[in-house]
Amino acid sequence: MFDEKEIVKRILKDDFRAFELLVKQYEKLVFYVIHRLVQGQHNKEDICQDVFIKVYQNLGKFQFQSKLSTWIARIAYLTAVDYTRKDKKELFSEYPDDIDRYHFTDENPEEGLIQKDSAAYINQIIEQMPIQYKTVITLYHLNEFSCAEIQDITGIPEGTVKSYLFRARKQMKEMLQKDINKNGL
Amino acid sequence: MKEMSDEELQYLAEKGGLNNNNLSLKEEQDLLAYQSLFKSLQTEPAEGLPFSFAANVRRAVQQQAALKGDLKFQFILLFIFTGILAAAFGLLHLVSPAAADQVTSISPKFKWSAGLAVLVFWCLNFFTTGFEQKNTMSKLQ
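Protein chains in written order, with the working numbering: chain A, 1 to 185; chain B, 186 to 326.
Quick caveat, the hints were computed from the structure, so don't treat them as lab data. Among the clues, some could well be false.
To be verified - Mimicking SDA-like on lysine to any residue, the simulated pairs with C-alpha atoms at most 20 Å apart in a straight line are: (1) Lys200(B) <-> Lys44(A); (2) Lys28(A) <-> Asp3(A); (3) Lys178(A) <-> Leu226(B); (4) Lys182(A) <-> Lys200(B); (5) Lys28(A) <-> Ser146(A); (6) Lys54(A) <-> Leu234(B); (7) Lys24(A) <-> Lys211(B); (8) Lys257(B) <-> Asp14(A); (9) Lys224(B) <-> Gln171(A); (10) Lys211(B) <-> Gln177(A); (11) Lys44(A) <-> Phe238(B); (12) Lys13(A) <-> Lys200(B); (13) Lys224(B) <-> Lys44(A); (14) Lys200(B) <-> Ser146(A); (15) Lys67(A) <-> Tyr83(A).
With the hints as constraints, model all of the structure from the sequences given.
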């Protein structure tokens, strides 16, 4: 079994094999966050490596006040936000607060619905969403964090997390239903 | 009967409850759509990190740590060398103040060559250890 405290203790004593174990344990978590939040030409593997280097450099400051996974997810989230800001394509302020007023592109991802499975289609919809929605959807459904943990990771109040989740899921369900009807599936 | 709200439907879909006979056709369709959506949202991305990712990160971190340790060692070495010079001069001053004064008067003439010698020694040491470290790392890989 993976013992967080033991692993951290070993890493702080310069046991690099223990660090490798930690990376193995959390690489999926970090990849999901980076994969969903960082768009563009960035090398996602390099960004994930960047996240783990930050984890290593700051591990001494980790006080076990939260789960290690929450702390690592926060580093991954902040790194993803940094990369997104660098790109200047996805600044937070560019998006309306209300997803109901957010216009998804008419490039018709639904055209691919017949050929592709619904998970790939959903991913296409998520890609067009504002970063706050992408974040809560990913952390909640893919990384299986609770709303309280998402608050710790992102700093978004728990009530707002719930509201983002609800509105994003409603919007996606409606798009999915509309496309299913349109394609007669 | 009052129709279920989307909030209630999402809650029901999350709990996995579809065996509710009191649902209207529309509610049932919505519930199914939510369940299908949740299943899709939980599907892992098709791409992923390479199998060797953890080992690569470990190597990168190990290299960084070694470089940091090495730099620390070089500075300690420089500090010790300066300390020895200062102690030797202090001792000379105690044993023979005249000789110490002579050294003080001569040393400005050689300040550049002495400084250069220290710098060359320090650089040589730094690059040799760096090269050795690179070799060790490549053997580890």
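Hint check, failures only | Numbers 1, 4, 7, 12, 13 and 15 - these are the hints that the structure violates, sorted from lowest upward.
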